[in-house]
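The listed protein sequences derive, respectively, from chains Y and A.
Take any residue in the first sequence, count from 1 to its spot, add 42: that is its number in the numbering used here.
Take any residue in the second sequence, count from 1 to its spot, add 42: that is its number in the numbering used here.
Honestly, the hints are just simulated from the structure, not real lab data.
One or more hints might be untrue.
Unchecked claim - Some chain A residues flagged as far from chain Y (calculated, every beta-carbon gap over 10 Å):
hint	residue
1	R48
2	E74
3	K91
4	N144
5	E145
6	K190
7	E210
8	R297
9	R303
10	E364
11	R475
Said to hold, decoys possible - Facing chain Y, according to a computed beta carbon distance under 10 Å, are these residues of chain A, among others:
hint	residue
12	D78
13	L117
14	P119
15	T121
16	S124
17	A154
18	Y158
19	N161
20	A182
21	H188
22	Y192
23	V222
24	F223
25	N246
26	P250
No residue lacks a Cβ here, since even glycine has one placed at the ideal position from N, Cα and C.
There are 2 protein chains.
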Amino acid sequence: MGKAKRQMKLNLFLLNAGHHEAAWRYPGTQPERIHDIRYYAQLAQTAEKAKFDSIFLADGLAVGRNIKHGGSYGLEPFTLLSALAAVTERIGLIATVSTTYNEPFHVARKFASLDYISNGRAGWNIVTSGSEQEALNFGAEAHLEHGKRYERAREFLKVATGLWDSWEDGAVVLDRDTGVFADTDKVHVLAHRGETFSVQGPLNIPRPPQGYPVLVQAGSSEAGKAFAAQHAEAVFTAQQTLEDAQRFYADLKSRLAAFGREPEELLILPGICAVIGETESEAKEKEQELNELTVPAYGLQQLKNMLGVDLSSYPLDGPLPELPDIRGINGNKSRFELVSGLARRENLTIRQLIHRLAGARGHRTFAGTAVQVADQLEEWFTNGGSDGFNVMPPVLPEGLDAFAAKVIPELQRRGLFRTEYEGATLRGHFGLRRPANSFASAAPAAR
Amino acid sequence: MGKAKRQMKLNLFLLNAGHHEAAWRYPGTQPERIHDIRYYAQLAQTAEKAKFDSIFLADGLAVGRNIKHGGSYGLEPFTLLSALAAVTERIGLIATVSTTYNEPFHVARKFASLDYISNGRAGWNIVTSGSEQEALNFGAEAHLEHGKRYERAREFLKVATGLWDSWEDGAVVLDRDTGVFADTDKVHVLAHRGETFSVQGPLNIPRPPQGYPVLVQAGSSEAGKAFAAQHAEAVFTAQQTLEDAQRFYADLKSRLAAFGREPEELLILPGICAVIGETESEAKEKEQELNELTVPAYGLQQLKNMLGVDLSSYPLDGPLPELPDIRGINGNKSRFELVSGLARRENLTIRQLIHRLAGARGHRTFAGTAVQVADQLEEWFTNGGSDGFNVMPPVLPEGLDAFAAKVIPELQRRGLFRTEYEGATLRGHFGLRRPANSFASAAPAAR
Numbered sequence: 043m044g045k046a047k048r049q050m051k052l053n054l055f056l057l058n059a060g061h062h063e064a065a066w067r068y069p070g071t072q073p074e075r076i077h078d079i080r081y082y083a084q085l086a087q088t089a090e091k092a093k094f095d096s097i098f099l100a101d102g103l104a105v106g107r108n109i110k111h112g113g114s115y116g117l118e119p120f121t122l123l124s125a126l127a128a129v130t131e132r133i134g135l136i137a138t139v140s141t142t143y144n145e146p147f148h149v150a151r152k153f154a155s156l157d158y159i160s161n162g163r164a165g166w167n168i169v170t171s172g173s174e175q176e177a178l179n180f181g182a183e184a185h186l187e188h189g190k191r192y193e194r195a196r197e198f199l200k201v202a203t204g205l206w207d208s209w210e211d212g213a214v215v216l217d218r219d220t221g222v223f224a225d226t227d228k229v230h231v232l233a234h235r236g237e238t239f240s241v242q243g244p245l246n247i248p249r250p251p252q253g254y255p256v257l258v259q260a261g262s263s264e265a266g267k268a269f270a271a272q273h274a275e276a277v278f279t280a281q282q283t284l285e286d287a288q289r290f291y292a293d294l295k296s297r298l299a300a301f302g303r304e305p306e307e308l309l310i311l312p313g314i315c316a317v318i319g320e321t322e323s324e325a326k327e328k329e330q331e332l333n334e335l336t337v338p339a340y341g342l343q344q345l346k347n348m349l350g351v352d353l354s355s356y357p358l359d360g361p362l363p364e365l366p367d368i369r370g371i372n373g374n375k376s377r378f379e380l381v382s383g384l385a386r387r388e389n390l391t392i393r394q395l396i397h398r399l400a401g402a403r404g405h406r407t408f409a410g411t412a413v414q415v416a417d418q419l420e421e422w423f424t425n426g427g428s429d430g431f432n433v434m435p436p437v438l439p440e441g442l443d444a445f446a447a448k449v450i451p452e453l454q455r456r457g458l459f460r461t462e463y464e465g466a467t468l469r470g471h472f473g474l475r476r477p478a479n480s481f482a483s484a485a486p487a488a489r
Numbered sequence: 043m044g045k046a047k048r049q050m051k052l053n054l055f056l057l058n059a060g061h062h063e064a065a066w067r068y069p070g071t072q073p074e075r076i077h078d079i080r081y082y083a084q085l086a087q088t089a090e091k092a093k094f095d096s097i098f099l100a101d102g103l104a105v106g107r108n109i110k111h112g113g114s115y116g117l118e119p120f121t122l123l124s125a126l127a128a129v130t131e132r133i134g135l136i137a138t139v140s141t142t143y144n145e146p147f148h149v150a151r152k153f154a155s156l157d158y159i160s161n162g163r164a165g166w167n168i169v170t171s172g173s174e175q176e177a178l179n180f181g182a183e184a185h186l187e188h189g190k191r192y193e194r195a196r197e198f199l200k201v202a203t204g205l206w207d208s209w210e211d212g213a214v215v216l217d218r219d220t221g222v223f224a225d226t227d228k229v230h231v232l233a234h235r236g237e238t239f240s241v242q243g244p245l246n247i248p249r250p251p252q253g254y255p256v257l258v259q260a261g262s263s264e265a266g267k268a269f270a271a272q273h274a275e276a277v278f279t280a281q282q283t284l285e286d287a288q289r290f291y292a293d294l295k296s297r298l299a300a301f302g303r304e305p306e307e308l309l310i311l312p313g314i315c316a317v318i319g320e321t322e323s324e325a326k327e328k329e330q331e332l333n334e335l336t337v338p339a340y341g342l343q344q345l346k347n348m349l350g351v352d353l354s355s356y357p358l359d360g361p362l363p364e365l366p367d368i369r370g371i372n373g374n375k376s377r378f379e380l381v382s383g384l385a386r387r388e389n390l391t392i393r394q395l396i397h398r399l400a401g402a403r404g405h406r407t408f409a410g411t412a413v414q415v416a417d418q419l420e421e422w423f424t425n426g427g428s429d430g431f432n433v434m435p436p437v438l439p440e441g442l443d444a445f446a447a448k449v450i451p452e453l454q455r456r457g458l459f460r461t462e463y464e465g466a467t468l469r470g471h472f473g474l475r476r477p478a479n480s481f482a483s484a485a486p487a488a489r
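With the rest of the complex left out, here is chain Y:
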């Protein structure tokens, strides 16, 4: 028997009425249903039927500055994904949770709970939060500096994994005859005393089915890559060209050995916003139609968020002014670099840049037929650009329905994507091991 053909991993990134910033104005989308669990259940069931590895929810802890023209809000990830766990069977469920505005005990516990509720399908997209407005909702006067946020994230993750390990497998005995509920030799205090956190443990729920939820990361700055190389098992990234994707892929994979990790222990999944048509021209028209529905004031605010510069006093059809140095950016550093580089490389006007970013905020947008989309995905996947993709439909449900009905069968015909789930956990789908328990040998036991 020959070696099985390498197959891509596909994550579905769900966002309100779709990823395009004008999605809510596009015919057929359902922005009035973005707080309706049946809307998400239907999307999740479509994705599961198509054998997606997982569903992913982004998250922020403040209303955006743009609520007049678009909705940067929605249901909270733990509650929404737990509800979806009850109406799906196999698909992974990845929640974004910030390490900057949370307590590790709560987060470890909720992920353990989601992992039980879903029978081993939970994933955690670890973010450090990038906006000043989030700080103001949590009593902070100013946003924590970029480097400090990653220091906090490291300690946070250390505490969370320690808490998940605090119950060894087999700790719950349930011996009805002797009355022994738990083997206390297998339940451990953590007694963490660190720079930021002081957490006693054990966690008040046994070790989750997957050991830890799948650890995901999406920051592509230097600090983000260093963190990912050590801890992440999947990385979402925004890459505009194959060359950039290859550079990022090679760079990140090369960093793993330093932590004793193999290349396949970290999956790299660039975002793709595919506008799908029956013909190429239909797809391009659809993309154009969407772009024309954007509101310039919204796009300018998005650019301000990404570049840290207010461009509203410059002519929309003129070039961008000189941009600040990246070292002054305390938000999403890699997105600043991507957007400023894109404008420079392609010599875009402000309006053109807004349109280029409207589809997926800096992620790659591609308009074409299902076969052309599959070609693009195959090219990146087989040429060292990715291990799969973060699929970001421009409009929902249509963009997902088209991807599921046309692109996925094409990928399956090429042997590039599964036709059946092999397992039932997210670790299983992603080919990741269940992590060893750091307490599994002798360690001080809880009373």
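With chain Y's structure known, arrange chain A on it following the hints.
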């Protein structure tokens, strides 16, 4: 048409394998399933079929000291209730969440999300957390003092209600033609700057279907009653005798007028742990069998938690020693009073006290036939002792199945309980108004 007969409200308090501390050792219980969503889905669906008003989950933020002989842990309330929201239609879903170890922005948002996911069925049991061990999981060296916890709870609730109000009804416009997503005149910053919290707002989700989740409270201390009289819409309470229940009921209801509230704006629901048999003697035998399955070491630890005194050096079959003054208690003050009063009044030995508390930790336990149970409930309900009950089955699923199959039809025959849901929200079931929005007139708008 005459006035409709007053009917009782029934909440189902779910706890692992059942409320009796030996439930997990009792034949037919399923302690191995307490992390299995299908177990809870089945219980919730049984309760919904029986027309219970709501399901309620207690919660703590630390593993108990008793894990050798019993499991004081489980799935986290937001995740579990969100999953149950997806597999039920009408029943209310009440989560316990502490104001001492949480941030109001997170809690307000998760309850709004649960309220959307359940279409208006969320309730919040507001607790201030009573144990030292919880403090140690959140970086605190010592547990916050009782009075301070209530001060924090008041400010926490003020912020949470302000955040729920930060979006007026009708703020989400979704005008596809003009590109106006939200009417920013109806979205408000909170700009709260208080003793403990500093929260800007608005919340990143519009006002939930019920306005606020139903606000529930379960502390019966002086501070607890003062808080409840001002804010709570339902109160869970432990009362051992009708006289005590009447005193509590009259006291709490009399405090409402001071806050401009009507008596029916707060429901009082004492706990009842009913051991149900085909005959009275079968019920008593079952109760005895359960009590004999208790482990004295576990009961002693429970007593230590409630009384603040280690009784393990005293003879089990002897009397209790002198207990400390209540003013020295920094945990659950009203439970201390109830337990010490019970031991004194009935002149119980330590073992007898353990057995009396084993069923429901100080809540009333009653063993009898379904008709006798219904008699007891009717007596309290019609004699100024309660507006309904917090039903705490000693063992699950059996205790719930028996209550649903035998006690509820008996109550329905007497006209004391609904035969169909009248509405679809928890406020509807409880006969509570949707609260007015504090921002509903003119107020400073968010950008």
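To see whether the hints hold, each was checked on the structure:
1. R48: The assertion about A/R48 holds, with a minimum of 34 Å to chain Y.
2. E74: violated, 6 Å
3. K91: Since the minimum Cβ distance to chain Y is about 18 Å, A/K91 lies beyond 10 Å and the statement holds.
4. N144: violated, 7 Å
5. E145: violated, 6 Å
6. K190: holds, 17 Å
7. E210: A/E210 is indeed farther than 10 Å from all Cβ atoms of chain Y, at 13 Å.
8. R297: holds, 32 Å
9. R303: holds, 30 Å
10. E364: holds, 27 Å
11. R475: At roughly 22 Å from the nearest Cβ of chain Y, A/R475 sits farther out than 10 Å, so the non-interface label holds.
12. D78: holds, 7 Å
13. L117: Interface hint status for A/L117: holds (5 Å vs cutoff 10 Å).
14. P119: holds, 9 Å
15. T121: It holds, given that the least Cβ distance between A/T121 and chain Y is near 4 Å, below 10 Å.
16. S124: Cβ of A/S124 sits 4 Å from chain Y, so the hint holds.
17. A154: It holds, given that the least Cβ distance between A/A154 and chain Y is near 8 Å, below 10 Å.
18. Y158: holds, 4 Å
19. N161: With a minimum Cβ separation of about 8 Å from chain Y (threshold 10 Å), the hint on A/N161 holds.
20. A182: holds, 8 Å
21. H188: This interface hint is violated because 21 Å lies over the 10 Å limit.
22. Y192: violated, 20 Å
23. V222: Status holds, d = 6 Å.
24. F223: holds, 5 Å
25. N246: Result: holds, 4 Å to nearest chain Y Cβ.
26. P250: holds, 9 Å
The earlier numbered hints that this structure contradicts are 2, 4, 5, 21, 22.
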